[in-house]
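Chemist: In case you want the letters, here they are:
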Amino acid sequence: MAFAILQDMSKCMACKACQVACKEWNELPAVETTNEGGYENPRDLSPTTWTRIQFLETEAEGAPRWLFYKQQCMHCTNAPCVEACPTGALKNHPLGFVSFERDLCNGCGYCVKFCPYGIPRLDTENALTGRAKVSKCTLCEDRVTQGEIPACVKACPPGAIQFGERKELLASGKARVAQLQAQGVSGANLYGEKELGGLGVMYVLPDPPSTYKGALPADPERSWWLASFWQRILQPAGAIGLVLGALGLALNFAVVSRRTRGRNQAGREKGDE
Amino acid sequence: MNEAKVIRFSAAERFLHLLYFLAFLTLAGTGLVLYLPQLQGYTLAEAGQLSRLIHRLAAVILMAIPILYFLLDRSNFRESLRKILSWNRADWAWFRSAPRFYWTGDRTGIPPQDKFNTGQKLHALIQAVCFAVFVATGLILWIWPQGSPPWLFRLSVILHDLAFLISSSGFLLHVYLAVIHPLTRQHAGAMVDGTIPEIDARELYPLWYKERHKEMERRRAA
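As they're listed, the protein sequences go chains A and B. Each residue of the first sequence is one higher than the one before, counting from 1 in this note's numbering. Each residue of the second sequence is one higher than the one before, counting from 1 in this note's numbering.
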């Protein structure tokens with residue numbers, strides 16, 4: 001059974017309780033930040049900040065419009081990070097999220113760059129030797145696998161974050177979008193139903209995805225195709241090519257040895273005469 | 001029997017060739033652990049950190065080799081570069097008649113070769129291009145895992161892999177011809193003691209042999 005999170009950004013009031021709950025449960029230390037003249041804090045995800053609320057200032061019909069967006073791992077079904085990870089530290093968990101096994105991570109950072117949403121962060125201990133570990137939201141794997149709901153879901157005061165069976169959340173997300181549209185929020189939409197094989201974190205967005213610039217790229221599938229081409233086509237084809245090449249060399253050796261042996265014998269016979 | 005020898009590779013060239021061989025092997029080994037599931041144990045935890053460290057150390061050695069070649073043996077560096085880059089119609093004739101030689105030993109149709117035959121030139125060119133790709137993409141993967149444009153990093157991952165597939169194919173063929181192939185393995189000594197029997201030089205690389213001969217005559221006259 002696949003579980004998922006549905007985040008209704010039309011209900012989010014940007015209290016950041018989810019940010020704090022995430023840090024508390026996962027024992028992630030707080031980071032010192034600076035006041036840059038906005039409510040957004042911290043300004044980016046980090047190895048110790050796995051989720052945060054983005055404050056997007058936009059404009060609609062000449063009036064300013066403030067949008068909130070909860071950023072964290074999307075837990076894709078066709079996850080580019082899982083395709084790209086060479087050590088198997090990132091895996092699709094049968095419960096519907098992308099699990100991360102820290103011990104297996106070798107710090108290559110491929111997931112950081114293949115993630116279309118720019119989520120994983122590399123904690124670099126030594127840039128020269130490359131000693132590093134990646135980190136990202138685990139969908140509270142330790143809670144979810146024990147029948148608990150993720151920490152951010154539990155903490156959300158307006159109930160904007162829901163956890164449950166993906167199918168049910170999909171239905172309730174669609175119903176909510178219909179309700180919002182009926183209320184006049186014409187741009188309301190459900191994000192994550194089909195993207196990358198279906199996201200484990202879906203959104204009810206009051207505005208079209210293109211409004212959430214930077215957070216929601218127009219073509220998230222592209223990096224999955226590239227990672228899949230690399231891992232599923234280029235590498236097996238390369239391996240087959242090398243094996244065929246080696247077999248060709250063995251055949252060449254067998255053929256040439258036989259011919260030259262014949263020649264040497266002929267030479268010897270001539271010498272005997 | 002003619003026991004006269006002709007110098008083919010300098011001490012610096014032979015040393016750097018050996019160094020390149022060892023560095024390439026180390027890099028291939030520590031790189032393959034990421035791609036062969038059987039070797040995955042070497043990617044995990046401390047073993048993973050160690051294999052990445054060894055990969056980087058070997059990469060530094062590999063990157064230094066062309067520079068060392070230039071510094072230690074400038075005249076041969078220039079000569080090799082010039083000869084590897086000079087191609088003409090005779091090279092196509094070589095491609096047409098070489099397969100027959102490598103399968104049967106029949107040299108018919110192989111045009112007279114310079115210091116490097118067409119196959120050797122092609123091998124050197126392929127390795128040089130792969131070297132450039134390895135260095136450029138490897139440095140991006142090494143020092144720019146954060147902050148680099150994602151498309152550049154993704155492309156680097158794939159090109160690094162592709163360069164491995166191409167260069168290791170060339171590597172396998174090169175090693176095969178040097179130590180296994182019954183008709184060519186006896187010539188590998190040139191990279192060991194630096195010389196080639198005069199009789200072989202005249203047969204395999206007549207253009208180079210003639211050029212060297214003229215040079216020696218000129219020196220003797222002077």
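Just so you know, the hints here were simulated from the structure itself, not pulled from any lab data. Treat the hints with care, since some could be wrong.
[Claimed, not checked] Chain B stretches covered by chain A per the calculated footprint, using a threshold of three residues with CB under 8 Å from any CB of chain A:
(1) 98-108
(2) 138-152
(3) 179-187
(4) 207-219
All C-beta atoms in this analysis are idealised placements derived from N, C-alpha and C, irrespective of residue type, glycine included.
Chemist: Taking the hints in turn, state whether each one holds.
Modeler: Results of checking the hints against the structure:
1. 98-108: Our answer is that it holds, as 4 residues pass the Cβ test (under 8 Å) against chain A, meeting three.
2. 138-152: Since three or more residues must qualify, the claim that chain A covers the segment 138-152 of chain B holds, with 7 doing so at under 8 Å.
3. 179-187: It holds: at least three residues are needed, and the segment 179-187 of chain B offers 4 whose Cβ sits within less than 8 Å of chain A.
4. 207-219: It is violated, with 0 qualifying residues against the three required.
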